[in-house]
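Peer 1: Listed here are the chains, written in short residue letters.
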Amino acid sequence: MADVEIKEGGTKGKQKKGAKKQSTRVDMTAMVDMAFLLITFFMLTTTMSQPQTMEITMPDKQENSDDKMKVRESRTVTILLDEDDKVHYYQGVTNEMPEVHTTNFGKDGIRKVLLQKKQEIGKVRNPESGKLEDGIIVIIKAKDEAKYKNMVDILDEMNITGIRTYAIVDITQGDLDLLAASETAAAGQTVGG
Amino acid sequence: MAKKKLTFPRKNIALDMTAMCDVAFLLLTFFMLATKFKPDEPVIVDTPSSISEIKLPESDIITITIDKEGAVFFGIDNQTTRYKLIEAMGDKYNVAFTDFEKNEFALSSTVGMPVGSLKQILSTASGYEKSKIKQPGIPIDSTNNQLRDWVDLGRRMNLEVTGKVPRVAIKGDKNSDYGVVKEVIATLQDLNINRFNMITSLEAAPEGTPAAMAAASEE
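Chains as they are written, first to last, in my numbering: chain Y, 1 to 193; chain F, 1 to 219.
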């Protein structure tokens, strides 16, 4: 009964002879159809939520190298991102030929390692604020063949494991040599064993 | 037993649609006012996921899209800025764009080709057809780094138009090589842009990790 009722004058006098009683019912079905069609269209085309992002701050390139933080080398864990989702890591600096381990992005992979290292290295007192902070410093280096996903994943791991001090650094020849050396060593081991 | 004829009383099955109509139009009005059309994107990018919940600001954004083949695209959200930007780019690369081409550029959201071949595309194709053309990407090599100019001039023009320095967001495909991303980041750093965003899709923090515990304690 899509209609608009019109109340009659009621007790008011006689009806005029000429005025025909016309039905004012309007069929709204078509209108509702169209309205819902438009709603559907707008609902589907609209973008309600803004995409999620990750904020990254890189060190200033022009900055003088004098005020760079000097840290104990054993506090640094370097992560090397390789192709095929492989992750290599070592503690310390390149020229001491540290042992390179290889792991992956799985649950028991790099996350476990990072949490363990974080615990091992322990807390360090910040000389400026005097507060105890996590001593671990992670340096992330990615080979050109690594995927963008790997980089985002490793930055995400930093958030997940709660490591605040990390840096993205370009990979050096020293790192590549180290990787190659560890790979040949691993290959030699499997052949020998 | 004699069969009884079943009879139904005749009923009027017309419904009163007035209320439904009211609600429908109310919703329609809401969606029409709240809507912001999805910008047309030249490539489909599958973003990696992260636990980060930081939202991208709504306006004053430069988006650098990297597709899985490593092609780089540049986009800026303000139309007036885009109009001024194409003028500035034309001046810089000695390409004279006509008013029609500038308008055409202002209406399209993302650009992904060298400035030299841009004129031809803008003059021949209409906006709709342009989205069907496969764009090869903006050159980012050190000898011909056009992305640097796009970002640099884009920031300046946006500052002129809206008075704000736009934020740079990198929207990379999961499977794009890090080498390309590294070049883009190096370009940004070269322009002294050291803070930027990476667009990711959301995933939950894994249980038992410091991040999950921090989120739980907040609640």
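Simulated from the structure, these hints should not be mistaken for laboratory data. Positions of the beta carbon are idealized from the N, C-alpha and C atoms, including for glycine. Incorrect hints may have been included.
Footprint (simulated), chain Y over chain F, 3 or more residues, beta carbon under 8 angstroms [to be verified]:
1. 6 to 20
2. 27 to 36
3. 133 to 140
4. 149 to 158
5. 191 to 203
As a list, the in silico DSS-like pairs of lysine-lysine whose alpha-carbon atoms are at most 27 angstroms apart [said to hold, decoys possible]:
6. Lys112/Y - Lys123/Y
7. Lys84/F - Lys164/F
8. Lys112/Y - Lys174/F
9. Lys86/Y - Lys164/F
10. Lys143/Y - Lys174/F
Example chain Y residues on the side facing chain F (calculated, C-beta under 7 angstroms, incomplete) [what the hints assert, rightly or not]:
11. Ala30
12. Phe36
13. Leu37
14. Ile39
15. Thr40
16. Thr53
17. Ile56
18. Asp60
19. Gly92
20. Thr103
21. Asp144
22. Lys147
23. Met151
24. Val152
25. Asp156
26. Thr165
Peer 1: Now, for every hint given, state plainly whether the structure supports it.
Peer 2: Hints, verified against the model:
no. : hint                : verdict
1   : 6 to 20             : holds (count 7)
2   : 27 to 36            : holds (count 7)
3   : 133 to 140          : violated (count 0)
4   : 149 to 158          : violated (count 0)
5   : 191 to 203          : holds (count 10)
6   : Lys112/Y - Lys123/Y : holds (18 angstroms)
7   : Lys84/F - Lys164/F  : holds (15 angstroms)
8   : Lys112/Y - Lys174/F : holds (23 angstroms)
9   : Lys86/Y - Lys164/F  : violated (41 angstroms)
10  : Lys143/Y - Lys174/F : holds (15 angstroms)
11  : Ala30               : violated (10 angstroms)
12  : Phe36               : holds (6 angstroms)
13  : Leu37               : violated (10 angstroms)
14  : Ile39               : holds (5 angstroms)
15  : Thr40               : violated (9 angstroms)
16  : Thr53               : holds (4 angstroms)
17  : Ile56               : holds (6 angstroms)
18  : Asp60               : holds (6 angstroms)
19  : Gly92               : violated (24 angstroms)
20  : Thr103              : violated (16 angstroms)
21  : Asp144              : holds (3 angstroms)
22  : Lys147              : holds (6 angstroms)
23  : Met151              : holds (6 angstroms)
24  : Val152              : holds (4 angstroms)
25  : Asp156              : holds (4 angstroms)
26  : Thr165              : violated (14 angstroms)
Violation of the numbered hints given earlier is confined to hints 3, 4, 9, 11, 13, 15, 19, 20, 26; the remaining hints are satisfied by the structure.
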